[in-house]
Amino acid sequence: MCIRRLLQSAPLQWAWRAAFLKHFQSRHQGTHRWTHFGGSTYRAVIFDMGGVLIPSPGKVAAEWEVRNHIPSGTIMKALMEGGENGPWMRFMRGEIKVQDFLQEFGRLCSEMSKTSVPVDSFFSLLTGEQVAKQFPVMTEAIAQIRAKGLRTAVLSNNFYFPDGRSFLPLDRKQFDVVVESCLEGICKPDPRIYQLCLERLGLQPSESIFLDDLGPNLKAAASLGIRTIKVHDPETAVKELEALLGFTLRASIPNTRPVRKTMEIPKESLEKYLKDLLGIQTTGPLELLQFDHGQSNPTYYIRLANHQLVLRKKPPGTLLPSAHAVEREFRIMKALAKAGVPVPNVVDLCEDSSVIGTPFYLMEYCSGLIYKDPSLPGLEPSRRRAIYTAMNRVLCKIHSVDLQAAGLEDYGKHADYIPRQVQTWIKQYRASETSTIPAMERLIEWLPLHLPRQQRTTVVHGDFRLDNLLFHPEKPEVLAVLDWELSTLGDPLADVAYSCLAHYLPSSCPLLRGFNDYDLTQLGIPTAEEYFRMYCLHMGIPPIENWNFYMAFSFFRVGAILQGVYKRSLTGQASSATAEQTGKLTEFMFNLAWDFAVKEGFRVFKEMPVTKPLTRSYHAWAGPQSLLSPTGTRSYSSVPEASPALASKGALVISPEGLSPPVRELYDRLKRFMEQRVYPAEPELQRHQAAADRWIPAPLIEDLKEKAKAEGLWNLFLPLETDPEKKYGAGLTNVEYAHLCELMGTSLYAPEIFNCSAPDTGNMELLVRYGTEEQKARWLTPLLEGRVRSCFAMTEPQVASSDATNIEASIREEDCFYVINGHKWWITGVLDPRCQLCVFMGKTDPHGPSHRQQSVLLVPMDTPGIKIIRPLTVYGLEDAPGGHGEIRFEHVRVPKENMVLGRGRGFEIAQGRLGPGRIHHCMRLIGFSERALALMKARVKSRVAFGKPLVEQGTVLADIAQSRVEIEQARLLVLKAAHLMDVAGNKAAALDIAMIKMVAPSMACRVIDRSIQAFGAAGLSSDYPLAQFFAWARALRFADGPDEVHRATVAKMELKHRT
1 MCIRRLLQSA PLQWAWRAAF LKHFQSRHQG THRWTHFGGS TYRAVIFDMG
51 GVLIPSPGKV AAEWEVRNHI PSGTIMKALM EGGENGPWMR FMRGEIKVQD
101 FLQEFGRLCS EMSKTSVPVD SFFSLLTGEQ VAKQFPVMTE AIAQIRAKGL
151 RTAVLSNNFY FPDGRSFLPL DRKQFDVVVE SCLEGICKPD PRIYQLCLER
201 LGLQPSESIF LDDLGPNLKA AASLGIRTIK VHDPETAVKE LEALLGFTLR
251 ASIPNTRPVR KTMEIPKESL EKYLKDLLGI QTTGPLELLQ FDHGQSNPTY
301 YIRLANHQLV LRKKPPGTLL PSAHAVEREF RIMKALAKAG VPVPNVVDLC
351 EDSSVIGTPF YLMEYCSGLI YKDPSLPGLE PSRRRAIYTA MNRVLCKIHS
401 VDLQAAGLED YGKHADYIPR QVQTWIKQYR ASETSTIPAM ERLIEWLPLH
451 LPRQQRTTVV HGDFRLDNLL FHPEKPEVLA VLDWELSTLG DPLADVAYSC
501 LAHYLPSSCP LLRGFNDYDL TQLGIPTAEE YFRMYCLHMG IPPIENWNFY
551 MAFSFFRVGA ILQGVYKRSL TGQASSATAE QTGKLTEFMF NLAWDFAVKE
601 GFRVFKEMPV TKPLTRSYHA WAGPQSLLSP TGTRSYSSVP EASPALASKG
651 ALVISPEGLS PPVRELYDRL KRFMEQRVYP AEPELQRHQA AADRWIPAPL
701 IEDLKEKAKA EGLWNLFLPL ETDPEKKYGA GLTNVEYAHL CELMGTSLYA
751 PEIFNCSAPD TGNMELLVRY GTEEQKARWL TPLLEGRVRS CFAMTEPQVA
801 SSDATNIEAS IREEDCFYVI NGHKWWITGV LDPRCQLCVF MGKTDPHGPS
851 HRQQSVLLVP MDTPGIKIIR PLTVYGLEDA PGGHGEIRFE HVRVPKENMV
901 LGRGRGFEIA QGRLGPGRIH HCMRLIGFSE RALALMKARV KSRVAFGKPL
951 VEQGTVLADI AQSRVEIEQA RLLVLKAAHL MDVAGNKAAA LDIAMIKMVA
1001 PSMACRVIDR SIQAFGAAGL SSDYPLAQFF AWARALRFAD GPDEVHRATV
1051 AKMELKHRT
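According to UniProt numbering, the sequence shown is numbered sequentially starting from 1.
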């Protein structure tokens, strides 16, 4: 009999004690600890997971509730509901699947809180990489335990993911035994799960120690004779564990390693020098380790007798001029210590290269914490904020040093710091250049032309980052500022900008980790803007406007430094084992710098006086009148002169730089979100679409939707004319939204993330325009909140649905209901489990005028008689989880109040619904095309065929040029249509709407096809979005009316109005 069946056969008495309830229970358990006092030697340590190895689920829940305005304690109360037969306990025993759990759990939460609770978002956060990270102190402790020959185990209450994996975000190689509740069918604190763990360890209870943060779990373990430690925080728990085991669980000197072979120094001559310097008579061995951080000047830990020192030296070999000046480091630290700045105490400067081969200096070793990961994993949000505040304050202290009193007036020149730095780093870069980097060449030209005026002169650190600070181990206090190699006198704002590098770098960036893909509000870390305001407030200075220049300069300098490290790595001179990675990073940094340079250029451009003549404009405004030409000349508008009321609605803006400041800020916010969250998530979302559980909505999408909503990037699509009071959306004009829509179109997944995806957008606009208050309350509100999805059922397999008058589905009146019968297909979104509304178009009067036969009904998807026959694919793509379905409606009874606008108004509704939707589709197609062209350009620059890069092939160049021209043409046409909708209304813009629907899909197909051709077979794969882009672009030649219908419309209107 298998162990799972054996364990499940006995009654479980422990359900309400589930591990996930730790946070809730810990508030009621007091400080009780149950321990065992046997005298046996410990041979194993058993760890709980949540709250011990990774952050407590209870704390995650509490913080999530605050951010999402959910009543405190809702999550915990819902998890306790039902005891051992509740959804959470059954989920952790592996008895129910994720979707079943979330559905039942969500219902409980909503009932308890009297509000909608997005439990998918919470679950995604709980299991995401950002939260589920092992505490470094625990990782180090486990390594030390195993190094001493003891065994380790993890004993966790956990669950299955939809793909069959269990939730255990740990390196399993750390443990000799892994016991998971979902695999065993039993949970803590049932004693049997502890016994199972001990059996697999092959040990007696008295030979093991168990760490958990929940009293009942500890009590159950202690009752068996296991020694226990209650975990309040990882650091304290490790100290208690050290006391029990009798040996340290941390490396004796953090962040050190044996000296790299290429960085070895002669120990004998160093030892003699130290004994003479310190007056040491003992003959004890000299201990020498190398610090593993720092890329420039090699740094070593020294222990000799009772002295602990740090040695910092120049690297070996031929060095760049003025680089690696350890003599200056020694001088500045000695002066700053007297000025009250926290720096290590310097001991001696040795400029005699005969001792160890290069000049060096010594300082006293200072024990403390260096935070190498700027996201500060494992810390509370309040602690993170306090650390960054302390970092900010110590920078202010450095910049407040009295130069004369400190004897530093001659430490550097007092003016033109940035110009000198730019020239210095250009020279350093040229001296270490290994290949041509286009972005750097542009920066070398741009930076000298845009230099700011220096406001103040202070000491500048030059490399002020979190990992160059040594913190007190128990409080947010900077004990010492390290690595003064680049210090001088100069512009203090350069230090402030440099200290914000992590805000703009991804967490995956090697050598220089960042957190631009993290939610800073959740982490508790100040944004770059908050950090800079904090600095200005403390220093008593006004904020600057040219922040982008300082960031461009900072990344330019980082790139130049990394290029030097990379060049030295090729000769074995670089001090870090990871220095060779810098070759790939250098170009990345220069590209970031150029991005900031472009932003600064746009800022300057927008502030130029409108009366100043411009040699070139990067944006254009055309008021309504500019579209209308005098009598007798060709008109570029299909409408009569707009009224003043309509003309006041907006202007034709042909690039984002011309948007009004509030809308431009919204555009920039959307762009940041795309860059920081959407594009990095695409690989995971693509994998989900191919996974076995693809018909279940991706939790990552739901998480991103919540983040988008929190940033105000939600329901952007509703045009101002439809929602003039901005009751439901952002109140954008069609032109304004078109620019945002193009940006969203660069990712297949973005529209849904911002609640701007079809068919929901059209259905929501339909409800806003035509729905009754009751219909809006029932359907519009949940759609706007993103809680449900919808579909639009018009196309039928038996007839040519391009002619809406052909539809055959019937709507028959019967008592207080309408009865629907019909066969529909290509119903987008109907397969999504969240789809709760079908907007159905059918005939109520088959014998009436052709455009008064149709009506529209709102049909709940759970109405009896709706049968999904099969999913349909587009070029083999399923488009899960929404998909495209074939459906039969058989005697479906719908209340009469579900009729929209009235009988016979269906054609009118459909036309009103499709106008803005066509603008959205076309701008998304332009987004597809821009992304495809960008991928193509990157590809042809990196591939070689027939002896030369593809980019040098004439046909490729022609394709790039043709694609750019076609994109620009299509964009202008779409923006013109959007503008006419704003100033003259949808009906008057009918011709222009037909033209863009005729032009944009075909253009996108051609541009994407050229990109696929440049990629070769790779363009057909799922490794790139091109194949999906092409499939949907081709499909949009049918959707919302085929090309032939729009061509006929354009031709008829041309003949009618322009003869």
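Wrong hints could be hidden among the right ones.
Here are the computed lysine-lysine pairs in the DSSO-like style, where the Cα-Cα straight-line distance is at most 27 angstroms [stated by the list, open to error]:
{"no.": "1", "residue 1": "Lys397", "residue 2": "Lys475"}
{"no.": "2", "residue 1": "Lys334", "residue 2": "Lys397"}
{"no.": "3", "residue 1": "Lys59", "residue 2": "Lys239"}
{"no.": "4", "residue 1": "Lys114", "residue 2": "Lys133"}
Label-pair distances were calculated between CB atoms; the ranges are [as the list claims (entries may be wrong)]:
{"no.": "5", "residue 1": "Glu1044", "residue 2": "Glu808", "range": "19 to 29 angstroms"}
{"no.": "6", "residue 1": "Gly368", "residue 2": "Phe946", "range": "42 to 52 angstroms"}
{"no.": "7", "residue 1": "Ser1022", "residue 2": "Ala243", "range": "31 to 41 angstroms"}
{"no.": "8", "residue 1": "Ala1017", "residue 2": "Arg260", "range": "17 to 27 angstroms"}
{"no.": "9", "residue 1": "Ile253", "residue 2": "Gln103", "range": "28 to 38 angstroms"}
{"no.": "10", "residue 1": "Glu95", "residue 2": "Ala934", "range": "17 to 27 angstroms"}
{"no.": "11", "residue 1": "Gly876", "residue 2": "Lys1056", "range": "35 to 45 angstroms"}
{"no.": "12", "residue 1": "Lys1056", "residue 2": "Pro662", "range": "56 to 66 angstroms"}
{"no.": "13", "residue 1": "Arg146", "residue 2": "His472", "range": "37 to 47 angstroms"}
{"no.": "14", "residue 1": "Pro381", "residue 2": "Asp803", "range": "20 to 30 angstroms"}
No wet-lab data here; the hints were simulated from the structure. Quick reminder that beta carbons are idealized off the backbone N, C-alpha and C, glycines included.
Results for each hint:
A hinted pair counts as satisfied when its Cα atoms are at most 27 angstroms apart, and Lys397 with Lys475 qualifies at roughly 19 angstroms. With a C-alpha separation of about 16 angstroms, the suggested pairing of Lys334 with Lys397 holds against the 27 angstroms cut-off. Restraint check: the Cα-Cα separation between Lys59 and Lys239 comes to about 22 angstroms, which is no more than 27 angstroms; the hinted pair holds. At roughly 33 angstroms between alpha-carbon atoms, Lys114 and Lys133 are farther apart than 27 angstroms, so this suggested pair is violated.
Evaluation of the 19 to 29 angstroms hint for Glu1044 and Glu808 yields a pass: the beta carbon distance comes to about 21 angstroms. For Gly368 and Phe946, the Cβ-Cβ distance of about 59 angstroms falls outside the hinted range of 42 to 52 angstroms, so the restraint is violated. Look at Ser1022 against Ala243: about 54 angstroms separates their beta carbons, and that is not inside 31 to 41 angstroms. Distance hint for Ala1017 and Arg260: a CB-CB separation of about 43 angstroms, inconsistent with the stated range 17 to 27 angstroms.
In this structure the hint that Ile253 and Gln103 lie 28 to 38 angstroms apart at CB is violated, the actual value being about 52 angstroms. In this structure the supplied range 17 to 27 angstroms is violated for Glu95 paired with Ala934, their Cβ-Cβ distance being about 48 angstroms. Separation of Gly876 from Lys1056 is about 42 angstroms and conforms to the stated range, judged on CB atoms against 35 to 45 angstroms. Checked against the hint of 56 to 66 angstroms, the C-beta distance between Lys1056 and Pro662 comes to roughly 40 angstroms, which is inconsistent with it.
Distance hint check: the CB atoms of Arg146 and His472 are about 30 angstroms apart, inconsistent with the given range 37 to 47 angstroms. Checking the proposed 20 to 30 angstroms range against Pro381 and Asp803 shows it is violated: the Cβ atoms sit about 59 angstroms from each other.
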